[in-house]
Amino acid sequence: MSPAPILSAFRQALGEAWAGGAGALLPLGFFAGAAVLVPLGIGTEPGMLRAVGPGILWVSLALSSLVTLERIFQADVEDGALDLWLQTSAPVSAIAAAKTFAHWLTAGLPLALMSPVLALMFQAEAGTDLLSGALIYGLGGLAFFFWGGVGAALSATVRRGGLLIALIALPLYVPTAIFGSMAMSDAAGGDSAPLLLVASTLFSLALAPFAMAAALRLAAD
Amino acid sequence: MGMLSAFANPHRFLALSNWLAPLFYALGAALIGWGLWQGLWIVPKDEYQGGDIMRVMFIHVPAAWLAMASYSAMAVASFTWFIWRHELADIAAKAIAPLGATWTALCLATGSVWGKPTWGTWWQWDDARMMSVLFLLFLFLGYMALRAAMDSRQKAARAGAILAMVGGLNVPLIKFSVDMFTSLHQDSSVITSEGPKMAAVYLWPLLMSGLGHSLLFGALVMTLMRAEIWTRRAARQRARLLAGA
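Chains as they are written, first to last, in my numbering: chain A, 1 to 221; chain B, 1 to 245.
These are calculated hints, taken from the structure and not from any lab test.
Note that CB positions come from ideal geometry on N, CA and C, so glycine has one too.
Watch out, some of these pointers could steer you wrong.
What the hints assert, rightly or not - Taking lysine to any residue and the SDA-like style, the derived pairs with C-alpha atoms no more than 20 angstroms apart in a straight line are:
{"hint": "1", "chain 1": "B", "residue 1": "Lys155", "chain 2": "A", "residue 2": "Gln74"}
{"hint": "2", "chain 1": "B", "residue 1": "Lys45", "chain 2": "B", "residue 2": "Leu207"}
{"hint": "3", "chain 1": "B", "residue 1": "Lys155", "chain 2": "B", "residue 2": "Leu88"}
{"hint": "4", "chain 1": "B", "residue 1": "Lys155", "chain 2": "A", "residue 2": "Ala220"}
{"hint": "5", "chain 1": "B", "residue 1": "Lys175", "chain 2": "A", "residue 2": "Leu170"}
{"hint": "6", "chain 1": "B", "residue 1": "Lys175", "chain 2": "A", "residue 2": "Leu207"}
Said to hold, decoys possible - Label pairs and their computed distance ranges (CB to CB):
{"hint": "7", "chain 1": "A", "residue 1": "Gly55", "chain 2": "B", "residue 2": "Pro117", "range": "28 to 34 angstroms"}
{"hint": "8", "chain 1": "B", "residue 1": "Gly120", "chain 2": "A", "residue 2": "Gly15", "range": "53 to 59 angstroms"}
{"hint": "9", "chain 1": "A", "residue 1": "Ala75", "chain 2": "B", "residue 2": "Trp19", "range": "52 to 58 angstroms"}
{"hint": "10", "chain 1": "B", "residue 1": "Thr121", "chain 2": "A", "residue 2": "Val36", "range": "29 to 35 angstroms"}
{"hint": "11", "chain 1": "A", "residue 1": "Thr88", "chain 2": "B", "residue 2": "Trp19", "range": "51 to 57 angstroms"}
{"hint": "12", "chain 1": "A", "residue 1": "Leu63", "chain 2": "B", "residue 2": "Gly120", "range": "28 to 34 angstroms"}
{"hint": "13", "chain 1": "B", "residue 1": "Gln154", "chain 2": "A", "residue 2": "Gly33", "range": "39 to 45 angstroms"}
{"hint": "14", "chain 1": "B", "residue 1": "Ala227", "chain 2": "A", "residue 2": "Val117", "range": "54 to 60 angstroms"}
{"hint": "15", "chain 1": "B", "residue 1": "Thr231", "chain 2": "A", "residue 2": "Ser192", "range": "48 to 54 angstroms"}
{"hint": "16", "chain 1": "A", "residue 1": "Gly80", "chain 2": "B", "residue 2": "Leu241", "range": "34 to 40 angstroms"}
{"hint": "17", "chain 1": "B", "residue 1": "Trp204", "chain 2": "A", "residue 2": "Ala199", "range": "40 to 46 angstroms"}
{"hint": "18", "chain 1": "A", "residue 1": "Gly55", "chain 2": "B", "residue 2": "Thr118", "range": "26 to 32 angstroms"}
{"hint": "19", "chain 1": "B", "residue 1": "Ala239", "chain 2": "A", "residue 2": "Ala220", "range": "23 to 29 angstroms"}
{"hint": "20", "chain 1": "A", "residue 1": "Gln87", "chain 2": "B", "residue 2": "Ser72", "range": "34 to 40 angstroms"}
From just these sequences and the hints, can you work out the full model?
Structure, rendered in structure tokens:
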């Protein structure tokens, strides 16, 4: 096994995401746009926005990941890159994980880094630790991307698979969404919630690459 | 594996289900009928559980049990198909999905009907069991949608098996995470370490009703599987005729 195919898939995915989608600006714009719609929909009362803010950011993050993921494996099926990967000595699971990770770097991590700004717009309290909040959004986003990647790989051959990815991935997003919002709030169990979030993210990192590999082998047939 | 291979033979399955399915239908109907008669007319109502509305328990609890059992059965069948490629396992997983979704929806509907007079709400977001069952329904719907989107039977089987296995591994985590919320439900009163806590007058009709629903479920799965086997045979026969013509 040589790591070269994994690295080239990673570089290719980075380039694709960067060049084909206006860099990180497009996902950031979607994320901010989705979050900013909320006060228009539910009203601007500061106390309420403070209460729902973290949850809104989680929902926007989940939606952003789903929108980004629709095409990540479809192009590889269409242009034959997938068939070439299957012939290399590197495991497909590692290639799929590298690609998903690259997409998280360009479309997930920037959103987490932007979360403090949105949190302030949602009237986060003065004492809130916005930077550890960004870390938590980043880790949760990683789990979103890996579970969403499973949905993307499964529907790689399906035309207009976006809604299908959402239906497949949303139940898998539940633990991350719950642990994530608990970690952001002062509710009971808030102390262990960040650890549980990390654990469920590690679970997705351990399991999702193999499911993606199995699904991609199916897509190549 | 000898036993599994024996069950994997479609001829043997057709012969077995030919008499087993009608038997399950008859026994299931009888047990559900007895459970409903006991539940609706015989057992005393429990004012603490909302009065007469608690009688919905004799459908609600079996439906909840089947919702969980059917997803587990679908995941096991998918695993069996994925490892050993026994066609019958895929036929079983395909047949279980819509039935499991139906009983899961039945569980949610009867739970709502029971919850409204008892707790004053149709739906309670911070109730762990309601949320778990709702996500189970989404897992079933995603599975069916994915199979339907695939362009060949073989691809539908493979994609479905991957998703059902991923879902099956995630179910404990989903359950654990929603359990972190506080629950309105009373604690389990059928299965506890000290044996059943429920009064025997409720327990027997409930257990018989649960067994009846399980038998009916099994019979419906067998019927759908038989239909699928005959459909595939008909398709093969048609292809042969067209090739010969």
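Comparing the hints with the structure gives:
1. B:Lys155 x A:Gln74: Given that 20 angstroms is the threshold and the Cα spacing comes to 16 angstroms, the pair holds.
2. B:Lys45 x B:Leu207: holds, 17 angstroms
3. B:Lys155 x B:Leu88: holds, 15 angstroms
4. B:Lys155 x A:Ala220: Judged against 20 angstroms, a Cα distance of about 11 angstroms means the pair holds.
5. B:Lys175 x A:Leu170: Distance ~14 angstroms between Lys175 of chain B and Leu170 of chain A Cα, so the pair holds.
6. B:Lys175 x A:Leu207: Given that 20 angstroms is the threshold and the Cα spacing comes to 18 angstroms, the pair holds.
7. A:Gly55 x B:Pro117: 28 to 34 angstroms: The hinted range 28 to 34 angstroms holds for Gly55 of chain A and Pro117 of chain B, with Cβ atoms some 30 angstroms apart.
8. B:Gly120 x A:Gly15: 53 to 59 angstroms: holds, 57 angstroms
9. A:Ala75 x B:Trp19: 52 to 58 angstroms: With Cβ atoms ~53 angstroms apart, the hint holds.
10. B:Thr121 x A:Val36: 29 to 35 angstroms: holds, 32 angstroms
11. A:Thr88 x B:Trp19: 51 to 57 angstroms: Holds, since Thr88 of chain A and Trp19 of chain B (Cβ atoms, about 53 angstroms apart) stay within the stated range.
12. A:Leu63 x B:Gly120: 28 to 34 angstroms: This hint holds: roughly 33 angstroms between Cβ atoms.
13. B:Gln154 x A:Gly33: 39 to 45 angstroms: Given about 41 angstroms between the Cβ atoms, the range holds.
14. B:Ala227 x A:Val117: 54 to 60 angstroms: About 57 angstroms separates the Cβ atoms of Ala227 of chain B and Val117 of chain A, which means 54 to 60 angstroms holds.
15. B:Thr231 x A:Ser192: 48 to 54 angstroms: For Ser192 of chain A against Thr231 of chain B, whose Cβ atoms are near 51 angstroms apart, the range 48 to 54 angstroms holds.
16. A:Gly80 x B:Leu241: 34 to 40 angstroms: holds, 37 angstroms
17. B:Trp204 x A:Ala199: 40 to 46 angstroms: holds, 42 angstroms
18. A:Gly55 x B:Thr118: 26 to 32 angstroms: holds, 28 angstroms
19. B:Ala239 x A:Ala220: 23 to 29 angstroms: The hinted range 23 to 29 angstroms holds for Ala239 of chain B and Ala220 of chain A, with Cβ atoms some 25 angstroms apart.
20. A:Gln87 x B:Ser72: 34 to 40 angstroms: holds, 38 angstroms
Violation of the numbered hints given earlier is absent; every hint is satisfied by the structure.
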